[in-house]
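Number of protein chains: 2
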Amino acid sequence: MSEPTKIFLNESEIPRQWYNIAADMPHAMKPPLHPGTQQPVGPDDLSAIFPMNLVEQEVCTDRWVDIPEPVLEKLLLWRPSPLYRAKNLEKALGTPAKIYYNNEGVSPAGSHKPNTAVPQAYYNKIFGTKRLATETGAGQWGSALSFACQLFGLELKVYMVRISFDQKPFRKMMMQTWGADCVASPSLETAAGRAILAEHPDTPGSLGIAISEAIEDAVTTPNTKYALGSVLNHVMLHQTIIGLEAQKQMAMVNDYPDVVIGCAGGGSNFAGLSFPFICDKIHGKNVHVIAAEPAACPTLTRAPFLYDFGDTAKMTPLLPMHSLGHDFVPPPLHAGGLRYHGMSPLVSQLVVDGLIEPRSYHQLNCYENALLWARTEGFIPAPETSHAIAAAVEEAKRAKEEGKEKTILLNWSGHGLMDLKGYAAYLAGELSDYEYPQEDIDRALAALAQYPKP
Amino acid sequence: MSEPTKIFLNESEIPRQWYNIAADMPHAMKPPLHPGTQQPVGPDDLSAIFPMNLVEQEVCTDRWVDIPEPVLEKLLLWRPSPLYRAKNLEKALGTPAKIYYNNEGVSPAGSHKPNTAVPQAYYNKIFGTKRLATETGAGQWGSALSFACQLFGLELKVYMVRISFDQKPFRKMMMQTWGADCVASPSLETAAGRAILAEHPDTPGSLGIAISEAIEDAVTTPNTKYALGSVLNHVMLHQTIIGLEAQKQMAMVNDYPDVVIGCAGGGSNFAGLSFPFICDKIHGKNVHVIAAEPAACPTLTRAPFLYDFGDTAKMTPLLPMHSLGHDFVPPPLHAGGLRYHGMSPLVSQLVVDGLIEPRSYHQLNCYENALLWARTEGFIPAPETSHAIAAAVEEAKRAKEEGKEKTILLNWSGHGLMDLKGYAAYLAGELSDYEYPQEDIDRALAALAQYPKP
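Chains S and F, in that order, give the protein sequences.
Under this note's numbering, the first residue of the first sequence is numbered 31, with each subsequent residue one higher.
Under this note's numbering, the first residue of the second sequence is numbered 31, with each subsequent residue one higher.
Each hint should be verified, as a subset may be incorrect.
No distinction is drawn between identical chains; accordingly, a pair holds when it is met within one copy or between any pair of copies.
[Unchecked claim] The calculated DSS-like cross-link candidates involving lysine-lysine, where the alpha carbons are at most 25 Å apart (straight line), are:
{"#": "1", "residue 1": "Lys-36", "residue 2": "Lys-483"}
{"#": "2", "residue 1": "Lys-311", "residue 2": "Lys-436"}
{"#": "3", "residue 1": "Lys-36", "residue 2": "Lys-198"}
{"#": "4", "residue 1": "Lys-344", "residue 2": "Lys-311"}
{"#": "5", "residue 1": "Lys-434", "residue 2": "Lys-160"}
{"#": "6", "residue 1": "Lys-311", "residue 2": "Lys-278"}
{"#": "7", "residue 1": "Lys-434", "residue 2": "Lys-344"}
{"#": "8", "residue 1": "Lys-198", "residue 2": "Lys-451"}
{"#": "9", "residue 1": "Lys-436", "residue 2": "Lys-117"}
{"#": "10", "residue 1": "Lys-117", "residue 2": "Lys-155"}
{"#": "11", "residue 1": "Lys-121", "residue 2": "Lys-155"}
No lab work stands behind these hints, which were simulated from the structure alone.
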């Protein structure tokens, strides 16, 4: 018991500011463009769907942003989250590497998503918003925002991607328990939903469609704003509390990671852990940062960096990002949270700048490593998280081959207790790998040729 | 943020001994009796189903029992568990009371059950057992033992009460993820199961039946022992790590509880938190200890204290306990873990001795309070835990009425993420209360008249 298994940060040491990487990037992020004029959007354009205080954060370039006291108070319900050392996994791998992970599964919703749900609900509350509309894929974000809206007394409507809505009924119950209203998307409640259902009555839905519905709801319902759980700058900002805590915790055990790993769907848990370390890297520190994504949805590893819409109905601004195309139809894949066509513009820009190495992992490899994790460390990871685990195990095995000590830090973004059907399917041999077709990427590229290049 | 929301005990301060209340009880527990001879059973009788090292713990009267180093190492995967202050709930109630709770939901299996599953697997491993058989009700125990057996490389067969097996398919998937084999009970795999199915093909099953099956499996399969997740003395012993940690954590904030509360099914989470405090009470400390049970299964509040079997097939020794009768058929109730006919003999004796106040709570009241908890503190409690919450809220409201400061400590025995159907049913108005019929208690009493009285 000489080296601790868990490193707890005292509540009094919780970070009181978020870190904004916009202040340190070698190349500033390109501006979002108006979907109609294709000119840079200003705060006023965004204020139709977001409260102005969040719009200000979205365009803010200050390095540090204060966390409001009422937000801190709610974050303390579960934060600082513990940093764990995966000693049993290390032993099972026989690796000289040390594997640390921050356990975001300890939040009430079971993932990192409440880190931004709570401040988003708070900023809306003080702005005067009465009701929020949002979308959710696998349900992590919808659950987290339900929890946060309940804490601040806001109403919430969640548009949940149909296939997940059907496959994961417990997620809906969770949102109801926290007082939210959840419907399957596409729904009959919006023009966007009705249009898609008319054309594709059996569609499994997609995040892009659900975003279109939630935005339409927000702009057509009084006192309602829209909230997004990933991709945008203010979301990445809120998540940096993860990495800031991890830096303090690593210092408590006199260590610093050689490798920092997160899984990447829209980019928020990845950014949350990695941005404070990328700040160190920009300032000369030697740290390798890996974004792990599914081979079935290879946004960073195979999709181009260009301007694309965030949603299917082309209602959002054009964002400068790696994208598989806004009409992307997600392949069958149990990591629902990683099935988005686009990627955070900040993360995309940092990949372009060579500060992040993206890697893709196949589903079966991820489940194999998730099972190894569950059977050594005990905690059952979310399917999304298993991509980060696959990368960490790959690095740990490499360290063994090379006979090198190495410190690996991964973001354990959430538990898989609501996703056990995926494990059962894997154990029953029902899952397979899927390589995203090149012609689909080419088609998306062609369709986006009419828009400006970043 | 002056008073902390969470109190973390450093890993180096984890208790290294369990507390054995047998050393301090005003009246020693009456001995279990052999089902055939009705004479006190000795260690040899128990060694048919348990390894001798656990049998020795079962009859041990030493006040302190060392926790083996390999057990501590595995407990450190999640322990010490954090002590939380339920500030948001206090605020919502407007009470002057302080409400603390130890969060046992942070374990990989999501409840307090791994606290005894891990040592039971360990002791079996070093004894030479290759395989364990056990039963589970709602699935908390079966999951926890699957996790623990995986850590120590033991095979496991779980007999899961049919109604829960059907209602909670995720539990089976969880056990499979940790490598265990889980079947619905009654099953066709044991003589006990076949006999019950022949007579009642549509039976929902019961813990008593599942115990009979698991014991039969253990005594008829080579290298196999039986494991029980509650009721027995060694289980209560292992769980005391909860209360021992809580005592250290309360001392860290210079506080001590006026009231200690746990929900009680077989008694283990209740005993785990309360026994170290009952030790203080026996030695003069003023602390009120409340066991909260369902009105639908009122073992401590309405059932007699007598000798009864632990299982339906009358294979176990006769135990001195409060019991609703071994042929008890559980009423519909979402708190599956509290549906056992009997109660820990240690807890029963302490109730007889007036050291514990039992109280019963109706289902709708429990869900109402569980929902209040989820909407203030965020974490969604297990239906079992909601009974402890109902008692804590009752005490906090009384403190408000009386205008008294009061420190309440409750055992938050597990999360309800696998039990969301109960919340959905409650929110849909589909649940009702159930008063256990007096004639059923009278009938059980009459059937047990032939056995000795404790």
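Hint by hint, here is what the structure shows:
1. Lys-36 - Lys-483: Result: close neither inside a copy nor across copies, 46 Å intra and 49 Å inter.
2. Lys-311 - Lys-436: Close inside one copy (17 Å), not across copies (51 Å); limit 25 Å.
3. Lys-36 - Lys-198: neither (31 Å within a copy, 31 Å between copies)
4. Lys-344 - Lys-311: neither (36 Å within a copy, 68 Å between copies)
5. Lys-434 - Lys-160: neither (55 Å within a copy, 37 Å between copies)
6. Lys-311 - Lys-278: Answer is within: at 16 Å inside a copy they meet the 25 Å cutoff, but 41 Å across does not.
7. Lys-434 - Lys-344: Answer is neither; intra-copy 49 Å and inter-copy 59 Å both fail.
8. Lys-198 - Lys-451: Both ways: Lys-198 and Lys-451 sit 9 Å apart in one copy and 12 Å across, limit 25 Å.
9. Lys-436 - Lys-117: Result: close within a single copy only, 14 Å intra versus 41 Å inter.
10. Lys-117 - Lys-155: Between. Shortest inter-copy distance 21 Å satisfies the 25 Å Cα cut-off; intra-copy 43 Å does not.
11. Lys-121 - Lys-155: between (48 Å within a copy, 19 Å between copies)
The structure shown violates the earlier hints numbered 1, 3, 4, 5, 7.
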